[in-house]
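Trainee: Sequence:
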Amino acid sequence: MNAKHTFVNLFLKRSSKQECHIVLSRWNTYYEALSEKHKKSFVVRTLLFLNTTDFDSKEGFELTLEMKLVISSAFVQITFGLKQDVLLIFNTIFVTPTSYKYASRDVFFNGDVNTVTKRVNLSWPAVEKGFIITNDGLNIAIHEFAHCLIIENTKRSRLSKNINQNDLNQWKDIATKKLPLIREGKYKIFRDYGGTNLMELFATTLETFFEQPHEFYSYAPTFYRTTAKVLKQDPRNGKNPK
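Numbering (our numbering), first residue to last: 990 to 1231.
If you're looking for bench data, these hints aren't it; they were derived computationally from the structure. One or more hints might be untrue.
[Unchecked claim] Pairs of lysine to any residue residues, derived as SDA-like cross-links and limited to a Cα-Cα distance of at most 20 Å, are as follows:
1. Lys993 - His1027
2. Lys1028 - Asn998
3. Lys1057 - Lys1107
4. Lys1228 - Leu1148
5. Lys1118 - Ser1014
6. Lys1221 - Ile1163
7. Lys1161 - Lys1107
8. Lys1175 - Asn1186
9. Lys1144 - Arg1094
10. Lys1072 - Arg1147
11. Lys1221 - Gln1073
12. Lys1118 - Asp1101
13. Lys1090 - Gly1049
14. Lys1107 - Arg1094
15. Lys1107 - Tyr1091
16. Lys1028 - Arg1225
17. Lys1228 - Pro1202
18. Lys1150 - Lys1166
19. Lys1090 - Thr1104
20. Lys993 - Gly1070
21. Lys1231 - Thr1211
22. Lys1090 - Asp1045
23. Lys1029 - Asn998
24. Lys1028 - Ile1163
25. Lys1006 - Leu1039
26. Lys1072 - Asn1142
27. Lys1177 - Leu1187
28. Lys1221 - Gln1201
29. Lys1090 - Glu1048
30. Lys1057 - Ala992
31. Lys1175 - Leu1157
32. Lys1175 - Tyr1208
Whole structure, please, built from the sequences with the hints as guidance.
Mentor: Structure below.
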């Protein structure tokens, strides 16, 4: 743990850390594969995210601590190699019991990042499915937090960015060439939705990166290594990804 997390750890109850460990061991295969040292850091970061985020839900729907920890772990997972461990803009997460839609649109969502309300919306059944089925390249929590990561990084000053701009530019260069291939159905490692635009491709890439790292690397080693460079980690190395 770095100095910040060591300091935070001093204020966390042992019972809270133990409960977090039990939940993550049950739900998050990325966490379960980590070394003991990294698990301790992951637990601290998960509780830090939990305690700095406002969770809310639809009236009548019970949002449990376990659900909150599972959702929090998705953000910690994608940022485990980075310095960013909390959300500053999108630090309100609204969880729904089913898919939902906006009054102005006749489309149902399982998740979205609302730049107007500064809120992350997630359907719990979709979140749950993403953690139960761990190898299909689909995880709505990772997907939406990937959007948050990019948007918040864009709004930071040059000196405070959490993603190295050169690494991100290299990723964009490769991704831009992949977009037409995905749209034409010629790049099968990602689902079709990844061909929507660069933002959606980044989120889809992270889902595949964490759920199908070995397949991703075999299919597109350069793109995989570039993604690993952006996130400062390689989930193929389960115990020590960073």
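Trainee: Looking at the structure, which of the earlier hints fail to hold?
Mentor: 4, 7, 9, 18, 24, 30 and 31
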